[in-house]
Every structure is written in C-alpha cells, then in structure tokens.
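**Q** Taken in sequence, the protein lines are chains A and B. Count the first sequence with the numbering used here and you get residues 1 to 320, in order. Count the second sequence with the numbering used here and you get residues 1001 to 1243, in order.
I should point out that these hints are in silico values taken from the structure, not numbers from a laboratory. These numbers were taken from a predicted model, which means no experiment stands behind them. Note that CB positions come from ideal geometry on N, CA and C, so glycine has one too. Watch out, some of these pointers could steer you wrong.
Quick look at which bits of chain B chain A covers, simulated, 3 or more residues with Cβ under 8 Å [as the list claims (entries may be wrong)]:
hint: 1; stretch: 1002-1012
hint: 2; stretch: 1085-1095
hint: 3; stretch: 1161-1171
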Amino acid sequence: MIPLKHVIIAEKLVKYYGNFMAVKGISFRVKEGEIYGFLGPNGAGKTTTVRMLCGLAKINGGRAFIYGYDVTREIKKVKKIIGVVPDISNLYMELSCFDNLMFCAEMYGVPRSERKEKVLELLEFFGLENKKNVKFKALSKGLRRRLTIAAALVHNPKLLFLDEPTIGLDVKSKRQIWKLIRELNKRGITIFLTTHNIYEAFKLCDRIAIINEGVIVAEGTPTELRTMVSGSKIIELQVHPPIREPQVFSRIPGIVKVSTRQGAIRIMVNDVITALEGIIKLLKESNREIVMLNLMGADAEEVFMKLIDRTKESKKYSAG
Amino acid sequence: MFEDIIKAFYIAKKDIKEYYLKPPTISWGIVFPVVFTLAFLLKGGPKSSHLIPGLIALALFFGTTSMAAASIVFERKIGSFERILLFPISYLGIALGKVLSSFIFGMVSLATLIIVVIPFILNVHIFSPLLVTVLVLSALMFSAFGVFIAFLIRDPTNTMLILNSFRLPMIFLCGIFIPVSSLPKFLQVVALLLPLTYSVEAIRFAIEGTFDIIPPIVSILLMIIIIISLLVLSSLEIKNMIP
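Chain A on its own, in the form it takes in the complex (with noise of 0.2 Å):
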C-alpha cells in the first residue's frame, strides 16, 4: 500500500499488442469524488488504458494504484473496490433482468442478507423495476445499457470505469445516461469515462485528459482546456452575396483556419482585432454586406481538433 492522496495513480503506462504500442508512457490521477474524462479518437489508447487499470490487460510498462493497491500484483483487491462498465452490454441474454443483478452480486460477494435488497433498489434506481423478471437479450440497447451500469454497482464500488457509456444510444437515451452518471457522481462515486463524444466529455466531466495515439495530449478541466488553446475565439459570419470560396479568409493576419458550418463561415482566430480589420477590408473591396457576426469562444469540438493537431504537428517537426 502507498499513502492514499489519489485514487488512481498511473505513472509511465506502456501497453504493446504484438510490435505495436497501443500506450506509450502516459501518467495521470484522479482524485476522489471527480468525474474524470479521457477523450481521444477510436484507437487511441482509451479502452486499453482502463482494460489496464481493471486487470484485462496486461501493463507492460509503467506502474499503476487504485485506492493505494497496486493493480499489478493486488488485482483481486482491486477487483473488489472498482465497478467497470464495459463498451458493450455484456450481460447474460437469457437471464432476467434481475438474475443478472443476483448473478453480480453473488459473485463480488455481497452479504446475502443484504444482495435482494441491493438488486431490488438498484433496478428502481435506474427504472427497471417493472422490468426485473424480463431477460436481458428483450431489452432495447438503451434499457441493456442502464442494466450494464447498474451491474457494476451491486456491490457499492468506491469506483466507476465506464468505457464509452453511450455509444449507439439514441439522443433520449444518452440524456438518461448521462443524469444517472451525474447522480452517482452525486451520491460519491468516483468515475473514470472514456469518450470519443467530445460534448459528452465537455459536459459530465471534471477534468478531462485528452489522450491521442496512445499519448495524453492535455489534461485539464474543460475551462482550462479552452484557454489552452491559442486561437480560442471563433467568428461566425454570414455574407451576401455568399462566398465560394472561404479559404480566402486564411491570408489575413491573425486567422488560424478557416472552416463552414450549416451555411456560416466559422473563422478561428488569435487575434480579434486585427483579423476583423482584414475582414472588414476583404469585404469592402469584393462588394458584400454581413448579414450575420457572432463573435465567441472555441467550443469543445475546436479545442479537442486544435490538442489534437498540435500533437501532429509537433511529431511532424520533431520527425523532420
């Protein structure tokens, strides 16, 4: 055991499939009681990374503790505090919704006194109650996704891994998803969520690290990632008549990029002032009024692209 000030600590964490390393050498903490975010693409290193932290992968590098335990050498200890919920609804197809429960709680060893009380309050808790005697493969995926969560809490986990939560649910779903994490955070849970729904990131967590190609990119709250970002304002405009071409836009001083979005011209910028005047004067001289300027700051989604970039672009001179 090591004095307790986080309650995971990964130092150095490496993981190879074959010849190829799928994460390479990232550190990070979670403090108790946070809802801590690692967003990245597909492939990026999310999902080895927590298989890692709950005994399904093998650490091949690195060090990592939960609640003090060494994840290596005290798995079953581990195994005992941590809740994990899956990026598939795994349960069992042809067991009711609350054998499955029965089956989870018998299995991490909860009191028997105590499991048929947990089983009943969890499916009331995540509103399954009228589903409890209805077998798991009759659920929609929504309804399979709460049980799956609602599985890894029957034995009151000090700890919460959910790997990509809401992945294929619909809009209402995910909403539902989404408040039920909130109220476990609430009610003391600490949860590790991995994401590659950069809104879902921005909008539940505390502190989100930003992990690409197996690297952690940033790490931050969601407030202190937006100001990571250089180029943080966006400027949102509309002109008539419209221009086809808006990559002219990106010869004027003080523009980052350029992009369109549901028929606005969305400019990044690192300098208001003098990208308006370039603007302005581009405007002038090609005849067009503005029909619409907003001015704003980067959302998640350009400050998740711009991280992400940057890593690129720092491999790219770093290999040349």
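Based on the hints, put chain B in the right spot on chain A.
**A** Just chain B, lined up with the frame of chain A:
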C-alpha cells in the same frame, strides 16, 4: 480458496440457467448420445448389454463436453466471458465453475440415457457405490477436458468441428465397441493417451466386474490426476487469454 469454490458454484448456477436449453447443448449433449445408444441396443437387443458401460461413458462424454463448449465459446464470442474476468475470483475458480456446470449437465444427460436404456439393463446389477464414484469421476474428467478444449479454441465458429475432431475418434479408440487390447499396438498407445479409455475401463469394472487392460484402481487414480491437471491447465489458459 473457500470463497472461490462458492463463487464457482454461482458460475455453474448461472450457466445452468443460461445454456441448458441452447440447441447445440441439447442436440449434442442429450439427443445424440441417446439416439446413438438406442440405435445399438435396439439392433442387438439384450445381447448388446456388454456395450452399456461404453455407451454410458459416451453419453457422459458428449453431455459434459457439449455444455462446456456452449457456455465458454458462446460467452467468449459475445464478450460476456470478460465479465467473469472482472469479478474478484481466481482463474482456477473460474475454471472450476465451468467444470461444475458441465458436470451437472453431464449428469442430466446420463440420467436421460439411463431412463431410456432401463429396459435393456434390468438384468444388470448397476447401482453400486463404486459405479457412482466412477461415474462422478468420469463426468468431472470429461467436463475438465471439454473446458480445457473450449478455452483452447480461438475461433468460436469452429467449435463443434474442433470438438468433434477430438470426440469422434475416441468413440472407436477407447474401448466402447472394440476392446483396447484388440487394437494394433500403436493405437493402444493412442488409446492410453485419451481420457475416455480410463472411464470406459472403470465403468466396465463397476458394472461387469472385469476390465480389459487397465486395473480399476489405476483408472481411478489417473482420472483424479487428469481432472486436477486439466483444471490447472484451464486456469493457465484463462490467464493467457489476457493480452
């Protein structure tokens, strides 16, 4: 360890609820051995009662291994086996749980067979403590064998093909129809490497009081050693499944 044994029973209970009515389990684990046995007994009548020890072993063998294959391979295919790996239980405990569920199914398969063959065995003094011991050991050994093979199979779509490539030759090599002593020497060596041989020999001794080439005490001891070895090998195979 005691905690793991209890959890192994929970795994077995869950498997019984989940897999006992799956079509491959029923068809290969109950229907096939019963039909196979009936075919021989109907053709030979009371004269074929000498086949009963072998046919009982065969029913147990197919019952247990079919259940092991269904539960393990199916769970690995849909990802629910990983759920078991997330529980605080040793790999040996997991292997034991899977062996127990196959063992119980093997007993169901055996009971079905006995009901069917009762008209043919009325004159056979069948239920002795030795026979019960030998049947329990045989069922445990076949379950452990099926569990080990099921963990070895990497591609679930090939399950029955691979399992039958082990099972079907054993029907002819392990003394069910042809005594091992009348096989060519090299096939006798092969027969001694196959667990079904020891079960057939021990069951034959328990029912008929005679054996072919292996004394019953040797068969019983070897069956115990095989059960323990296969359990340990299965637990190592589970450990190796973690990348």
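**Q** State for each hint whether it applies.
**A** Here is how each hint holds up against the structure:
1. 1002-1012: Result for this restraint: holds, n = 4.
2. 1085-1095: The restraint on the stretch 1085-1095 of chain B holds, since 6 of its residues have a Cβ under 8 Å from chain A and three suffice.
3. 1161-1171: It is violated: at least three residues are needed, and the stretch 1161-1171 of chain B offers just 0 whose Cβ sits closer than 8 Å to chain A.
Hint compliance for this structure: hint 3 is the single one not met.
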